[in-house]
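Turn these sequences into a full structure, and let the hints guide you.
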Amino acid sequence: MRPDDANVAGNVHGGTVLKMIEEAGAIISTRHCNSGTGEPCVAALARVERTDFLSPMCIGEVANVSAEITYTSKHSVEVQVNVMSENILTGAKKVTNKATLWYVPLSLKNVNKVVEVPPIQYARKEQEDEGRKRYEEQKLDRLETKQRNGDVIMPVINPEPHTVGYSQSSLIHLVGPSDCTLLGFVHGGVTMKLMDEVAGIVAARHCKTNIVTASVDAINFHEKIKKGSVITISGRMTFTSNKSMEIEVFVDADPFVDEPQERYRAVSAFFTYVSLSKEGKTLPVPQLLVLGSAAPQPASMDRGAP
Amino acid sequence: MRPDDANVAGNVHGGTVLKMIEEAGAIISTRHCNSGTGEPCVAALARVERTDFLSPMCIGEVANVSAEITYTSKHSVEVQVNVMSENILTGAKKVTNKATLWYVPLSLKNVNKVVEVPPIQYARKEQEDEGRKRYEEQKLDRLETKQRNGDVIMPVINPEPHTVGYSQSSLIHLVGPSDCTLLGFVHGGVTMKLMDEVAGIVAARHCKTNIVTASVDAINFHEKIKKGSVITISGRMTFTSNKSMEIEVFVDADPFVDEPQERYRAVSAFFTYVSLSKEGKTLPVPQLLVLGSAAPQPASMDRGAP
Amino acid sequence: MRPDDANVAGNVHGGTVLKMIEEAGAIISTRHCNSGTGEPCVAALARVERTDFLSPMCIGEVANVSAEITYTSKHSVEVQVNVMSENILTGAKKVTNKATLWYVPLSLKNVNKVVEVPPIQYARKEQEDEGRKRYEEQKLDRLETKQRNGDVIMPVINPEPHTVGYSQSSLIHLVGPSDCTLLGFVHGGVTMKLMDEVAGIVAARHCKTNIVTASVDAINFHEKIKKGSVITISGRMTFTSNKSMEIEVFVDADPFVDEPQERYRAVSAFFTYVSLSKEGKTLPVPQLLVLGSAAPQPASMDRGAP
Numbered sequence: 001m002r003p004d005d006a007n008v009a010g011n012v013h014g015g016t017v018l019k020m021i022e023e024a025g026a027i028i029s030t031r032h033c034n035s036g037t038g039e040p041c042v043a044a045l046a047r048v049e050r051t052d053f054l055s056p057m058c059i060g061e062v063a064n065v066s067a068e069i070t071y072t073s074k075h076s077v078e079v080q081v082n083v084m085s086e087n088i089l090t091g092a093k094k095v096t097n098k099a100t101l102w103y104v105p106l107s108l109k110n111v112n113k114v115v116e117v118p119p120i121q122y123a124r125k126e127q128e129d130e131g132r133k134r135y136e137e138q139k140l141d142r143l144e145t146k147q148r149n150g151d152v153i154m155p156v157i158n159p160e161p162h163t164v165g166y167s168q169s170s171l172i173h174l175v176g177p178s179d180c181t182l183l184g185f186v187h188g189g190v191t192m193k194l195m196d197e198v199a200g201i202v203a204a205r206h207c208k209t210n211i212v213t214a215s216v217d218a219i220n221f222h223e224k225i226k227k228g229s230v231i232t233i234s235g236r237m238t239f240t241s242n243k244s245m246e247i248e249v250f251v252d253a254d255p256f257v258d259e260p261q262e263r264y265r266a267v268s269a270f271f272t273y274v275s276l277s278k279e280g281k282t283l284p285v286p287q288l289l290v291l292g293s294a295a296p297q298p299a300s301m302d303r304g305a306p
Numbered sequence: 001m002r003p004d005d006a007n008v009a010g011n012v013h014g015g016t017v018l019k020m021i022e023e024a025g026a027i028i029s030t031r032h033c034n035s036g037t038g039e040p041c042v043a044a045l046a047r048v049e050r051t052d053f054l055s056p057m058c059i060g061e062v063a064n065v066s067a068e069i070t071y072t073s074k075h076s077v078e079v080q081v082n083v084m085s086e087n088i089l090t091g092a093k094k095v096t097n098k099a100t101l102w103y104v105p106l107s108l109k110n111v112n113k114v115v116e117v118p119p120i121q122y123a124r125k126e127q128e129d130e131g132r133k134r135y136e137e138q139k140l141d142r143l144e145t146k147q148r149n150g151d152v153i154m155p156v157i158n159p160e161p162h163t164v165g166y167s168q169s170s171l172i173h174l175v176g177p178s179d180c181t182l183l184g185f186v187h188g189g190v191t192m193k194l195m196d197e198v199a200g201i202v203a204a205r206h207c208k209t210n211i212v213t214a215s216v217d218a219i220n221f222h223e224k225i226k227k228g229s230v231i232t233i234s235g236r237m238t239f240t241s242n243k244s245m246e247i248e249v250f251v252d253a254d255p256f257v258d259e260p261q262e263r264y265r266a267v268s269a270f271f272t273y274v275s276l277s278k279e280g281k282t283l284p285v286p287q288l289l290v291l292g293s294a295a296p297q298p299a300s301m302d303r304g305a306p
Numbered sequence: 001m002r003p004d005d006a007n008v009a010g011n012v013h014g015g016t017v018l019k020m021i022e023e024a025g026a027i028i029s030t031r032h033c034n035s036g037t038g039e040p041c042v043a044a045l046a047r048v049e050r051t052d053f054l055s056p057m058c059i060g061e062v063a064n065v066s067a068e069i070t071y072t073s074k075h076s077v078e079v080q081v082n083v084m085s086e087n088i089l090t091g092a093k094k095v096t097n098k099a100t101l102w103y104v105p106l107s108l109k110n111v112n113k114v115v116e117v118p119p120i121q122y123a124r125k126e127q128e129d130e131g132r133k134r135y136e137e138q139k140l141d142r143l144e145t146k147q148r149n150g151d152v153i154m155p156v157i158n159p160e161p162h163t164v165g166y167s168q169s170s171l172i173h174l175v176g177p178s179d180c181t182l183l184g185f186v187h188g189g190v191t192m193k194l195m196d197e198v199a200g201i202v203a204a205r206h207c208k209t210n211i212v213t214a215s216v217d218a219i220n221f222h223e224k225i226k227k228g229s230v231i232t233i234s235g236r237m238t239f240t241s242n243k244s245m246e247i248e249v250f251v252d253a254d255p256f257v258d259e260p261q262e263r264y265r266a267v268s269a270f271f272t273y274v275s276l277s278k279e280g281k282t283l284p285v286p287q288l289l290v291l292g293s294a295a296p297q298p299a300s301m302d303r304g305a306p
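Residue numbers (the UniProt record's numbering), protein chains in the order written: chain A, 1 to 306; chain B, 1 to 306; chain C, 1 to 306.
Treat the hints with caution; some may be incorrect.
It does not matter which identical chain is meant; a pair holds if it fits inside one copy or across any two.
Unchecked claim - With a cut-off of at most 27 Å between alpha-carbon atoms, the simulated DSS-like pairs for lysine-lysine come out as follows: (1) Lys226 x Lys139; (2) Lys139 x Lys93; (3) Lys278 x Lys227; (4) Lys278 x Lys109; (5) Lys226 x Lys278; (6) Lys281 x Lys227.
The set of hints was computed from the structure by calculation and includes no laboratory data.
Next comes the structure, spelled out in structure tokens:
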């Protein structure tokens, strides 16, 4: 971990960790999906399950990322990724993150065609059954999320401190070649890193302290984003508890100039941040000021218990 | 702003700011030029007007870059870009930069063809007239600059301290994929960042203190630079006052190996730097030692009042 | 491997591979040197043995880098690093590189103090003896190289094609935070990547074709380079055979502005490049034109058979 991977207080950005996780997931699932006799393909990230940041990583530590395929359906792969931080001076190791990702293999010849996934062998029958259950659940959740996706973030003139409008932020990025896979669309990890960056700015603007990513709710990748697109990543505070803040982040893509397609919602997710003192202790979060009845609903209400 | 965006004293490099400005300008002008019914195109930077760095930006601050189209001629677009630095911990905001950029839309099918720009609507008639005047002025200045452009920086053997030869520096860069637009030529912002890097090294070698960019004179982009080219960016001190240094910077391009074209001058500009103490106060600059009559002329003499 | 890691023909730069090798070496040797009861330290690269690039790596392939400690003396560690490229679409794997690196552990409290290395266990007695022999040899070679190190590359006015002066090149780099270890000096891998970049530009200028790194001769790191330094990396053609080119590369460091130290030679090495056709076949190399008696000696003559 290098200085550029971390914030001013030396804590590695959640987005840097998410990017590494996705890189490991993309490698293992692309390798698996090409291990059969089917046509060549590249695995595209479809969804990341809710994940917690269990302990912070610091500049100078070494990240150990390991990945394993835990379930395959006909057209998708579930990957479990574990991240450990290692202080190579003291030898101390800590689990920083466990994440579950879903990938879909797209044909190298036709980017719109999903190819078949070679099945894996399960050590025990229950593993397959449990995997199938997780598969059904995520499928349902993805469908629901897509329907909620019409929302946009409008600028607010002269917002009061601690209102939604006060901290909402957005960032525009032009998708370059090194952001992309061999098929010419953006790596999921690149998108997640930018999303975490926006969420971090929203959180810091709201509470004006050192902040770190505590968890990320399920992230659904609805649509691919092609090289040359301009993406707008927008974030706003949706809920505060005494100890944490929930920030909703959208990614909207404007396709490159010679494509007929209109702007579309590509990804959306909820990030949870905590505020830290200089000594690394959790600080209370200023409450979100809700004006009138137009207040956004906390994500946790929308979807039952988090 | 990350550690790598800044010098050792924590001040963000002028080149990093110029690169962001150009990115915003390229996005808004490409978007505008594709809003009509004309053929798909990408906006290429033709010129940046003289711009001042009003206050320094620091690591950890958030840069807010906003861009607006202020004039369109048949084949060019004027963009006004404002940069604010925001300390998200204190909420303090400062204007750091205002810049005016000119773009020319190039056809996606034929990179040598300039396409027509859809006109914008002006709120008041005077805006259009003032814009036209700025357009004529920059056109004239670009023409003049091109004629002055034969100069090269020759190496000096064993130069004395504070002479031109002592601090002159050059840098070679191999143009990679991420430096380029979808049309395969270098983003203007990438070139400006490298130019600022060379100018900063010249200034630091001359005065051996912490230095920061104070302003950049008009930058003209005479020729496109293609992916795979090797570019040589050369800088030399041309003038010192008590409080500042003026450095001339050239960009020369050697086309990729299998192209018939010879080395050509692609860009040239003058950068002004100031020297700072550790506490951030302006220091006096050692005077430039001029040997004989071969001394370069200060740019301000060449062109009347700066 | 991403587009930015490769040249226009899609071959990954030798420098990118060297940087990964060094990263692996630095992690394993820092971890080992802190495994005993001694004081905390960071391993600094002292030397890389001659290494061949056995087969090219391409964009989209996954690099597998593995490292092992093969010998320890009282104050140094020998690390063997192997690099394999894996095409995750076809499953094909190839050994691309085997390298031997020597590290020296520097105290975290006092960067000028070399700490003691915990001994490793050898499976067989001969391994230790062979390691000791390699240790003595590299020690001798390092000493010799240091003495040859006064040379500088002087600029040539109007050089003829295929002379040394025609293709010689140099590159300036300002050392930023992300280039550095926890002790605040440059990672060896960052330096090697820049050296390969300069050597590649010299080779391309000489033969004006697609070129790739074939091998790197022993690289000795004589002195540390601190954060904030400006480094000048210079390269010149020293020898051509029918099929390859040998390029000498120097790294000179100018310490940060407020340090009393003068410019010093930090690293030097010889790189060998081959020229490739578009189909990837080796092309004959234009012979180096030697003017008068001041011609540089081929490195292979200086030091016996290559």
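Run the structure past the numbered hints and jot down the numbers of the failing ones, going up.
Per hint list: single violation, 2.
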